[in-house]
Amino acid sequence: GENVEQHPSTLSVQEGDSAVIKCTYSDSASNYFPWYKQELGKRPQLIIDIRSNVGEKKDQRIAVTLNKTAKHFSLHITETQPEDSAVYFCAAPGSLRQLTFGSGTQLTVLP
Amino acid sequence: GAVVSQHPSRVICKSGTSVKIECRSLDFQATTMFWYRQFPKQSLMLMATSNEGSKATYEQGVEKDKFLINHASLTLSTLTVTSAHPEDSSFYICSARDLRRQETQYFGPGTRLLVL
Chain A
340 GENVEQHPST
350 LSVQEGDSAV
360 IKCTYSDSAS
370 NYFPWYKQEL
380 GKRPQLIIDI
390 RSNVGEKKDQ
400 RIAVTLNKTA
410 KHFSLHITET
420 QPEDSAVYFC
430 AAPGSLRQLT
440 FGSGTQLTVL
450 P
Chain B
148 GAVVSQHPSR
158 VICKSGTSVK
168 IECRSLDFQA
178 TTMFWYRQFP
188 KQSLMLMATS
198 NEGSKATYEQ
208 GVEKDKFLIN
218 HASLTLSTLT
228 VTSAHPEDSS
238 FYICSARDLR
248 RQETQYFGPG
258 TRLLVL
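For the record, the sequence lines run as chains A and B.
All residue numbers in the first sequence are consecutive under the numbering used here, ending with 450.
All residue numbers in the second sequence are consecutive under the numbering used here, ending with 263.
Do not rely on the hints blindly, as some may be mistaken.
Keeping only pairs whose Cα atoms sit at most 20 angstroms apart, straight-line, the calculated EDC-like set for lysine to aspartate or glutamate is [stated by the list, open to error]:
(1) A:381 / B:212
(2) B:188 / A:378
(3) A:361 / A:341
(4) A:376 / B:250
(5) A:407 / A:395
(6) A:396 / B:234
(7) A:397 / A:341
(8) A:407 / A:354
(9) B:188 / A:354
(10) B:211 / B:234
(11) A:397 / A:423
(12) A:410 / A:378
(13) A:376 / A:354
(14) A:410 / B:212
(15) A:376 / A:395
(16) A:376 / A:423
(17) A:397 / A:422
(18) A:407 / B:250
(19) B:167 / B:212
(20) B:188 / A:344
(21) A:397 / B:174
(22) B:188 / A:422
Worth flagging that the hints you see were computed from the coordinates, not collected in a lab.
Since the structure is predicted, the reported quantities are computational estimates derived from the model, not experimental observations.
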């Protein structure tokens, strides 16, 4: 099955700085990579996703890059704000298109 | 947008009782729904994949007789935790895959189960 590894587990940045979270996956057939943001006690919210036919996708302050050869993808948040503080999860699909999640990154944006 | 509801949001029960959790897709059809379990400060662990009109596919280590899943319609899946014990206490979250966007999963708000 799919194996997804996520780093770092915790990340603290100053407000206005950039944050980068990285994930690797094992199944070379995977072709869809979503990122979710989860605030404490709440549901995961899809913030951005990328399909394997593109190498980068951007939505305002959030971007995702994908390197299929190396089997890794990254989340980039620029001009971070305190409300960006949350746990972020990457994911990749398995053979039945179920999602395998990374272990999560606790992002703290310091004012 | 795609909305998934989950009920109840919180339940406290005595050991040995059964608890049913409902997951509904409100504005789209979902042939496939997923059930996850999340412990504090941990990731989401897939328990089972629920397919409308057929048996659920359980992940390794998940007891199908303990966690009964029924997916009776394109908008409703239920998870029943049978004979619950304190170790079953957890945050249970469902997600539904939108037929129109095959890969995208939308999550319900979760159910916090506490077994005394």
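Hints and how they fare:
For the hint pairing residue 381 of chain A with residue 212 of chain B, the CA-to-CA distance comes to about 28 angstroms; that exceeds 20 angstroms, so the pair is violated. Among the hinted pairs, residue 188 of chain B with residue 378 of chain A is consistent with the structure: their alpha-carbon atoms are about 11 angstroms apart, no more than 20 angstroms. A C-alpha spacing of about 16 angstroms is found between residue 361 of chain A and residue 341 of chain A, which places the hinted pair at or below 20 angstroms, so the restraint holds. For the given pair, residue 376 of chain A sits about 17 angstroms from residue 250 of chain B by alpha-carbon distance, which is consistent with the 20 angstroms threshold.
For the proposed pair residue 407 of chain A and residue 395 of chain A, the alpha carbon gap of about 11 angstroms is at most 20 angstroms, so the pair holds. Our distance criterion of 20 angstroms between C-alpha atoms is broken by residue 396 of chain A and residue 234 of chain B, whose separation comes to about 41 angstroms. About 25 angstroms separates the Cα atoms of residue 397 of chain A and residue 341 of chain A, which puts this hinted pair outside 20 angstroms; it is violated. Among the hinted pairs, residue 407 of chain A with residue 354 of chain A is inconsistent with the structure: their alpha-carbon atoms are about 31 angstroms apart, more than 20 angstroms.
Restraint check for residue 188 of chain B and residue 354 of chain A: the C-alpha separation of about 23 angstroms exceeds 20 angstroms, so the hint is violated. Between the alpha carbons of residue 211 of chain B and residue 234 of chain B the distance comes to roughly 16 angstroms, so the proposed pair stays at or under 20 angstroms and holds. The suggested pairing of residue 397 of chain A with residue 423 of chain A holds, with an alpha-carbon distance near 16 angstroms, which does not exceed 20 angstroms. A threshold of 20 angstroms between alpha carbons decides the hint, and for residue 410 of chain A with residue 378 of chain A the separation of about 27 angstroms lies outside it, so the pair is violated.
The straight-line distance between the Cα atoms of residue 376 of chain A and residue 354 of chain A is roughly 18 angstroms, inside the 20 angstroms bound, and the hint therefore holds. The suggested pairing of residue 410 of chain A with residue 212 of chain B is violated, with an alpha-carbon distance near 37 angstroms, which exceeds 20 angstroms. Proximity of residue 376 of chain A to residue 395 of chain A is assessed by CA-CA distance (about 19 angstroms); at most 20 angstroms being required, the pair is judged to hold. Among the hinted pairs, residue 376 of chain A with residue 423 of chain A is consistent with the structure: their alpha-carbon atoms are about 9 angstroms apart, no more than 20 angstroms.
Under the criterion of a C-alpha separation no larger than 20 angstroms, the hint pairing residue 397 of chain A with residue 422 of chain A is consistent with the structure, at around 19 angstroms. Under the criterion of a C-alpha separation no larger than 20 angstroms, the hint pairing residue 407 of chain A with residue 250 of chain B is consistent with the structure, at around 18 angstroms. Note on residue 167 of chain B and residue 212 of chain B: the hinted pairing holds, with a Cα-Cα distance of about 14 angstroms set against a maximum of 20 angstroms. For the given pair, residue 188 of chain B sits about 16 angstroms from residue 344 of chain A by alpha-carbon distance, which is consistent with the 20 angstroms threshold.
About 27 angstroms separates the Cα atoms of residue 397 of chain A and residue 174 of chain B, which puts this hinted pair outside 20 angstroms; it is violated. Among the hinted pairs, residue 188 of chain B with residue 422 of chain A is consistent with the structure: their alpha-carbon atoms are about 19 angstroms apart, no more than 20 angstroms.
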